[in-house]
Every structure is written in structure tokens, then in C-alpha cells.
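Trainee: Listed here are the chains, written in short residue letters.
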Amino acid sequence: MAQLRQGTPGRAAQATGVLTLLVTALATGACSSDNSNGTSSGPMVKIGLMLEFEDQGETRREVATGRMALREINDAGGLSVGNVAYKLDVEPVDDKYTLAGAVSALDTLAGNHISFSMSPPTSFLALGSDPSGKDGASIAGRDRHIIQISGSATNPGISKLDTQGYQWRTVAPDDRQGAVAGHYLAEQLGIKRVSVIIRGDAYGRGLATAMTSTFESLGGTVLATVEYDTTKATIPDVNTYGYKNELAALFKDSPEAVYLATGDEGIQIGNSAVLEGYVDAYGAKPPVFVAGDGLVTFDTLANAVPQFLDNLSGTAPYPDPSNRDFVKFSVAMQGAGLGTPINYEAYRYDAFYIFALAIQKANSLDPEVVKQQIAAVTRADPDSTQIHVGDWALAKSELLAGKGVDYEGASGSIELQDDGGPGAASFAIWTPKPKPEGGYEYAYTPIKTNTN
Amino acid sequence: MLRGVHGIGFVVPLTLLVPLVARAEGTKPPASAATTVDDVSLVGLLELEVVAPTLTAQTTAEAAAVVDVVTAEQIQERGYQTVGEALGSLSGLDLINDHYQYNLGVRGMSGGKRGWSRIVKVMIDGQPVAFRPSGENFLGIELIPIGLVERIEVIRGPASALYGADAFLGVVNIVTRRVESLDGGSVTAGYEGGPRMRSPFGEVLVGKQFGQFSIYGGAAMETRDLFGYRIVPLPAQTHPAQNEYSRGRALPSGGTYWRLAYAFSETSRLSLDLHLQKLDRAAEMMDWGPVNHQNRLSLVNSFGRLAYDKELTPSLRLSTSLAVAAGGPANGDQLATGFGTVRSVERNVGYKGTDWRAFLDYHWDEKSSLLGGFDYTVDAQRLQSFYTENDLGHRVLNPPGGMPTGVRDFANFGAYLQTIAYPFYGTGGGWQGLGTTLGGRYDHHNIYGDAWNGRAGLVYNVGSYYLKILGGTSFRAPSATQLFTNSVGQGGPIGNPQLKPERAKTVEFAVGGALLPQLALRADVFYTRIEDRVEFREVDPNSASTADFATNSTPITSFGGEGQVDLKLSRVQFFANYAYQNSSYEKADLLALERRIVRVATDLYPTHMAKGGATLRLPEAKLLISAEIRHTGARLGFLRNNAWVYATEYLERRYELPAYTVCDLTISTLGIEFWRGRETRLVTKIRNLFDARYLVPGYNRFDIPGLEGSVSVWAQQEL
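In the order they appear, the protein sequences are chains U and X.
With our numbering applied, the first sequence covers 7 to 458.
With our numbering applied, the second sequence covers 1420 to 2138.
Just so you know, these hints were derived from the structure itself, not from any lab.
Misleading hints may appear alongside valid ones.
[As the list claims (entries may be wrong)] With a cut-off of at most 27 Å between alpha-carbon atoms, the simulated DSS-like pairs for lysine-lysine come out as follows:
1) X:K1771 <-> U:K334
2) X:K1771 <-> X:K1919
3) X:K2006 <-> X:K1919
4) U:K439 <-> X:K1771
5) U:K441 <-> U:K334
6) U:K198 <-> U:K140
7) X:K1697 <-> X:K1771
8) U:K140 <-> U:K102
9) X:K1919 <-> U:K441
[As the list claims (entries may be wrong)] Stretch-level coverage of chain U by chain X, calculated; a stretch enters the list once three of its residues show a Cβ under 8 Å from a Cβ in chain X:
10) 63–70
11) 151–159
12) 196–206
13) 308–322
Even glycine gets a Cβ: it sits at the ideal position worked out from N, Cα and C.
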């Protein structure tokens, strides 16, 4: 019964706006070409941003972060391709967190002549269900000639797909994060006996496998490994599924710690562990919960019950906080009203920057040409100029002068490799900490490992 | 016409038939009191006495406020059974019924998510009656037996200069009847039914004078049972509970109010007021667990007040009172979150409060006065905390961590001064109707600090016309639940201990008068700027949580106008009013490619509202027929809901709930006396006569169906 209404201005203002749009569209329509869209501000290169709209809080934040990155580039002159000036913008598309949804989102981008996309957001969507990855978004992107850079898909298997240079990522794979988690549990926390709960998809399995391998190699014992169906892992809702059977198996042998290779449904698992009395049963020394990056969300801080939150920490790919580019990026986030960066935001920011650099270096919007430059703009080379966060004007002038650039991003020195992933990686231990004014925030402690 | 009302089709004919029988039996003609609206000219409508605007008896035309009055006669004639229903007829007020209770909006501002009428101050004879932990006001049958209401005074606009916190966008002051007018009392019994409603109800009023001592009061109760409604998913969205029908539960809600008074003399009186509200309803449309059939919200709220009034001299009056108040969940209060697999949640909340008030009112002539007073309130608030229970009764404090629990004192001291001056009064010239009202108030609260508020009004009465130029400030204190609550379930809302009070500045211009003895007009325009509006509607990308946090919003500006025309012909009296508002606030659009500030229209409140009614008296037929129509214009859906519809363009594109029109028809007998020469009234009221289907705003990915048609019949016997 409810009606959809476009905009909130009055009818007169709406009519004026429509007229203006029509005139502008007519005037600029001739400028449009493949990979670019004409708008009132000139030709536009759109970069897709694949998201699960259902997870609307994250969606809005990612769009805002993406636009912040592109706004910096636009404000510093935008792209100049074939002597045509272009601005950049984000084109959000909904993957509905299904394989079909992700492929459909790529179809939407292809239908709109968009050849660049910050995606897929997760390993599950990237890899698909088939071992060959043929139903996943990475291969689907290749088939549609859409270059994808992911800032958050971390399964090592993605690097093994035959994506022919159409899939890249700025974030380190989970084999490294899992190893970091194993070290953290065994060495820093001194845990000997752990139970593992795994989200039944590529992300959960990849992370857990790497953690288990390292943990056991360091003398630890994995008491139980419990995998749950991902169909139960949609929007986290403490009331939709209690994980009772999983929790019973998890706590059967009284582990010292529980490792959660989960998405944000881990909130529900932790809350249920408390609610069902498993935590109280430990008395004065409650079990330790250690999670991967999947639980680093604002929802965890807001929705995890205190007895879970107070015993929770985890690992995540996270830039070195002392890195000057990360500091600059953090300041920019604050300035854009987005607060402190969390989770993958630096990696996503870098992905947008790499797209722009590669397009500029290629001096083309043809994805076949651009994909050849993706890694090149991130690699150190004696003849290339280092480009730091916010240095778009310098990067553009260097590239227009035919010189090379080496992007040093917000997430660190990226150095994209031939396998599509970054050459360097940094991780941090995250811990929810009470804020003086109430509530919780994440505290990050850089972790030095030899797992790289 | 109302569809599907079975088994009560005989009621309307019965109501029509009874007067004929009664007339044939030769009962007396209607014993209409001299004070009925019907008997006064429309000039008199502008001269109804009110006390809420200044604590001093003035006429509506003189009072330095935009004020409306619903009289006992109007309540009776139009068949209003609750204060909320009566307020629904007034201009500039928007009443939403979410199947649990009313949420009153004023001049562009809705109470919002779980707002429940907290943007106004509701008082009974000057005593605030909000459920203090949340500031919500009950406006249903539980507020007060409607038969005890002498009049409802409604101020639209700021009143914190007199009443302090929460007299924010308006004041509703219920003036109770005096013992003389009760004259023994009455008994009412009735039943409201419809395809999706069952609700037996009743009311008992008693009044008796024993020399200088009097006792009067009453009780009213209903067991409202709504069922068979489904939530409405947002446009182009689905909701897991969308195919589930609400199930009713017949739960008793009611209120009782008693006054024991002793008159030492004509100028000195001691009274004890006792008031108890019990709100107990199935709540199937709650954002935390729609149609999961396990939400039963049951609250009690009460006060006892000892008041002493004395005229120290013919021109100096002292009024003082000491009140204790308490409230909290009643037995049976039960919350449940989710849909499908449902978790039981226990809420721990409540308060015990003490209020001490006193003022002195000095009149140096008939119209001019100086009033000063203070009040001190201390509430021991049990901070709202929710616990989730598992099947075995093991309970866990809900998130987020770090939210304070336990009891905390909320203390406020306020002092105020007000002067009403008619400098030319008694001069006999044309300026003697020119009066000014100036007032100021200081409040200090132990949680959120100091607040200064003021008001200024220039009122000019000439003949039967008036003109008012008004300005004032007001504030609404953040409630304990806004400051400190943890989350009832996933999604919040979560309290924010950093909240600041909401503050409003308003200017108003009002005119009115009787163009003819039969035709009265009044109109006003207003401009309000609200700073730090507290809302549970965080959708900014700087917090990507799905949980709502209480936040202070950017300033909201609201402007609009209201007007009412009253027309009285020989047997029929009409009213019609219209209200327009435009409210918006600036917001940084963080999702935009370019940095920009956008103006965002406020949600939940209709831009246009038009209401009207007609009351036809047929004394010879011993019948009174009243019809009322309320048109509610389209309104924007909850902004957070809008973000589900337009995930990445939620500030630019909005969905709206369509306009709707609802008609009510009331037929009642007039002047029939079946028992001991006392009036017997038989009433039939058809609500939503044409069974309009409409939506009111919901808050968690759905909207709420409006109440469908129903027929209410009752009999009232005066004792």
C-alpha cells in the first residue's frame, strides 16, 4: 500500500529538476561512451561496488568510503583518458549474498557498460560452490570482461582461479590470517585446547584450516571442529537460530578457547553460548573467544552480550597504525564524517585508487588494456614514483608524462603479485574495549609474525 | 459501509428505537445543563475558561498560547471514549494507534519510534502523569475514566517557561469534574466489536458531598482484543512475518482516579488525589517482535497527591502540593523478540518519585497577575535493562556491554516567574484588551544540567476578536530509557548517556473571533526550530551497526499553520479544521559523491490534515447524532525503513504512506430517563464507518495497518 516517492522537494522544484536533468542529459549525451556515463558534471567512469544491500549499515558505509576515495581523485583533477577528462563514481549493486545475486549484479554492471568493480565482497561469492569456481563471481567477472579488485575476499583459493587477470585483491589471504590466529592462541594467550566453529563456506573453512594447522604445529589440541550451514548465517539475529547443537558439541570437552571462523553470525553464536549457560559453567575463568575478521563489525559492539564481548578478541588484516598513509587515510575518514576505519576499509579504499591509477596508466577504458596495469601501478620499480594516499595530482602528472608509479596505500605497501594478491600483509589483534563515555570500540594491536 | 460487522446490526436501530419508546412513555425532555456548548453562542467558544497556559483562569481568547479545549459536552456528544480519541479531533495533532497505544504527534513532529506521546506534557489537574522512565504518556482508557473529564486543555506550542521539562511541543491538561457536577455518579457498560476487534468496557463514577468533605472519582476498564491484522512489508520488500495474522488477547487496561477533598472554608481547601493507570495489551506490532504473539506490555503508573490551596488574601492565592508517584511493569509484562524462534525478554524498569510544588499567584486587578513558584522532583529510576531468557529460565543481560543498570536518582529543581499585565485595563478605551504575558523558568537537573526557558506573549482582545503574537522556548529532558537502556533485542535501540535535552524555540501568530454569533474562526501560523532532537534513527554511515542509538539530531525547522471554523445553525453545529506543516532538517549526505548538505523532510508526520464534524440535536426525537471525519495526508515512512527501500539513496528518495480518510458516526439518546428520574444514555458509535484501509508508520522493516471498522455500543445510567 505504501507508495514510492522520488525525492522530497516540492512539485515545482521537482519539475524544475526534471527539466534541468533532461536538458543536461541531452547536452552531454554525446560524450557518453562505453565504460563511461555522461552526467551533468561531464563524462563519468563508474566503478561497481558489490554489496549485500540487506546489510544496509555496512552498505552505506562502504558506499561512503568508496565515494570518499573517488571524491579525492575527482577533486584533484580526475582522470584524463584519451584527452577526455573523466570523473569517477561508484555504482552500488546488490549481490543479495547469493551466488546468483552476485552474478546478476555483474550482469547489471555489464549491461551498464561498467568494466571495473570493487568485488566480490566475500570468498564465498568469489569462489562459488563448484571447485572450479565456475559459478562464482570471480569467473563470472572474467567472462563479462569486468576487472574486479576485492578488498575483503580472503580465501587462498581465489588466487588459484583462472581469472586471466580479471580478479585482484588488496587484502592478504586467510592462510596468513589463520596462521596469525594460531600463533595468537598458542603463544600470546597460552591456550592448549581449543574448539573451532566454522562457517560452512570457503571463508570459514579456509580460515579454520590455516588456524588449526598452525595451532597444532605449536602443540595445541583442537578438541572439536563444528561446521554450521551457511543458510543459517544470514542477518545476525539472536532469535532466528540458537546454534544449540553446535554449541553442545563445541563445549563438550570444556575447551579453554573457542575459535570462531565465522561471519557476523558469530555474534549469535557467542550470545547463545552465554544464554545457554556454557560461559557461566566455567565459573571465575570463562572461556576465551577468538575470532577472525568476520566479527569485526559495529554490530558486534552493539549486539554482543557483555559476557561474550568481554572475553572476545581476534585477528584481522589491518594496516600498521603507524603507517603514514594509513594515518592520512584515517584523517580523511574522520573528515568525511565516517569516524575510525574498521575492518577492510583501507583495503577497499586502495582498490578504488588502484583502479584509477591503472586506468590512467593504460590511458584507456578498455578492460583488456587496463588489467595489464593493475599490478604495475602498485609495484616498486627504480623508475617509478611512489604515490601515497592523497597524491592523485602527482600520480596523474607522472602517468601522463609516461612515468611509472608505485602506489603505497592506506593498507600498506601493496605490491600486487601475479597470483592477484598483495605481496605484503599486516595483521592486528583486535579487542573490544569499553569507552569512557559508554559502549565499546575496537582497539587494534599490530602483530608481528613470520608468517609472511 | 463497514464490512463484516456481524451480530450487531441491530444496535443502531435499537438506539433509534429507544427514544421513540421513551417518548411514548412520556419521560421528561432533555435535562440539558446550562453549561452545554449547545447553549452558548460561538462567541462563548472563544471564552471557555482555561488554566493550563498560565496557571491562572483565563479565557481561550486571552490566554497567551494557542490553545484548544475539548469540553465534557463534546466528549459526550461525539462519543469519545478516551482522551486520545478526543485529541484526534483537534487541529495540528496527529494520533497514531500502533495497536498497543497512541503516539501523539504535534506540528510536524512525531513521537517517533516507541515515542508514545512523549513530546507533550500530559497532566491531570496540573499533575504530570507520564510514565517517567520513558516519558511516554498513556492516552487510552487507562489514563482516566473519560466521564471524569470536565475539559481537556491543549496547548500547541512551548510551555517550559511554566512547566519545565517535557512541556516541549505541547501540553495536555485534563481538568477533572467537580463533585457537584457528578451528582451521584454513573455506571456505563458497553461492547465494541468488529471483524478484528472485541472489547467489552465499562466505567463507574461516584461523587458525594458530605458537608465540607467530598469524595468523587471513578474507574474505567476495557479488555481490548485486536486480532487478524498483518504487518505490511515495505515497498518492494518482504518480511518474514508478513503472512502471519495478529492474535488478540483480552487483557484488562484501565484507570482509576479519586479525589477526597475537605474545604476548610470557601477560600481554603485540602485535597488528596489518587490515580492509577494500568496499560495491559497484547502488542503485536512492536518493532522487536512483530506478530510473534508473545508480547504483552503491561505497565502500571500511579501517583498520590496531597494539595492545599488557599486564598491568603482576596488577591493572593497559595497553591502547594506534595505528590508521590511510582510505576513499572505489572505482573504479566512479557516481551519476546524475533519471529519464528522467539526469545523471552524480561524488562527491568520502574521508578519511585516525589514531587513538591508550590506557587503564589497575586492579582492586582481582574486580569493582571504575578505568579511565582517552584517545584522539586526526585525520581529513583530503575534504569531500563533487558534480560534474555532461555528455555530453562537462564537469563542474560542484553547488549551492549557497559550500559549502567540499577537505580539512579533523577532530581530536578525548577523555579519560575510569570507576569500577566493589562496596562490599559479599566481605562475604558480600545486598548484595554491589550495584555502581555512574560515568563521565565530555570531548571537544574542532576543528569543533564541547567535549562533556562522563557516566553513572551502579546494578546489583544477587541470585541469578539483576538490577536496573539507569541514566542517561547521549551525543552524535553532525555528520559532515563533514552539515556541508559540496553537493547531489547538485536537492533536496539540503545541508550546514549551523552544525550542532551531537546530544545525548541517557537514563534506563533494567532487570530480568532466570531464573525457572526453563529460563525467563529481561528487560525495560527507557527515557526519552530528544534535543536538536539532525540531520535532512535541512526542511519548514518559513520555507524554501520544495525542497532539504533539514541542520538541528538541536527536542528529541525518546522513551520505551518492551523485553522478552525465553527458554525452553529439551529440544531446542528459544525466544526472543520485544517493543519499544514513543513518540517525538515539539514544533513550531510555522506553517501554523495560531492560533499553536500541536503534538506531532509522529517518522517512520520503528515503534511496536511483536515478534520471536521457535525453534531445534530433532535430533542423532540430524543436523539443526538454526531459525525466526524478525519483526513490524514500522506506521510513519509520511517527514515530507517526508507533505508531498506533505498539502501544507498535513502536521503534522496523516500517512500510514503498514502493519505487516508476515516469517518466516525455516533448516535446517542438524549434526555431519556428510565430509572429514578436519572438520565439513561444509549450510544452507538461506528468507528471507521467506511472501513478505510490505511497504514500508520512502523519501525522495523514494516508498516502497521490502521484499525478497521468497529461498532461500539454502550449504555450509561446516571445514579
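Trainee: Does each hint fit the structure? Answer for all of them.
Mentor: Evaluated hints:
1. Pair hint K1771 of chain X plus K334 of chain U does not hold up; C-alpha atoms about 52 Å apart against a cutoff of 27 Å.
2. A C-alpha spacing of about 23 Å is found between K1771 of chain X and K1919 of chain X, which places the hinted pair at or below 27 Å, so the restraint holds.
3. Under the criterion of a C-alpha separation no larger than 27 Å, the hint pairing K2006 of chain X with K1919 of chain X is consistent with the structure, at around 19 Å.
4. Of the supplied pair hints, the one linking K439 of chain U and K1771 of chain X is violated, its CA atoms being roughly 34 Å apart against a limit of 27 Å.
5. At roughly 24 Å between alpha-carbon atoms, K441 of chain U and K334 of chain U fall within 27 Å of each other, so this suggested pair holds.
6. Under the criterion of a C-alpha separation no larger than 27 Å, the hint pairing K198 of chain U with K140 of chain U is inconsistent with the structure, at around 40 Å.
7. Between the alpha carbons of K1697 of chain X and K1771 of chain X the distance comes to roughly 16 Å, so the proposed pair stays at or under 27 Å and holds.
8. Pair hint K140 of chain U plus K102 of chain U holds up; C-alpha atoms about 19 Å apart against a cutoff of 27 Å.
9. With a CA separation close to 19 Å, the supplied pair K1919 of chain X and K441 of chain U stays within the 27 Å bound.
10. Here the stretch 63–70 of chain U counts 7 residues with a CB under 8 Å from a CB of chain X, which clears the bar of 3, and the coverage holds.
11. For the stretch 151–159 of chain U, the stated coverage by chain X is not satisfied: 0 residues place a CB nearer than 8 Å to a CB of that chain, which falls below the threshold of 3.
12. Given as covered by chain X, the stretch 196–206 of chain U fails the check, having 0 residues with a CB less than 8 Å from a CB of that chain where 3 are the minimum.
13. For the stretch 308–322 of chain U, the stated coverage by chain X holds: 8 residues have a C-beta nearer than 8 Å to a C-beta of that chain, and at least 3 were required.
In summary, the structure is inconsistent with hints 1, 4, 6, 11 and 12 from the numbered list given earlier, while agreeing with the others.
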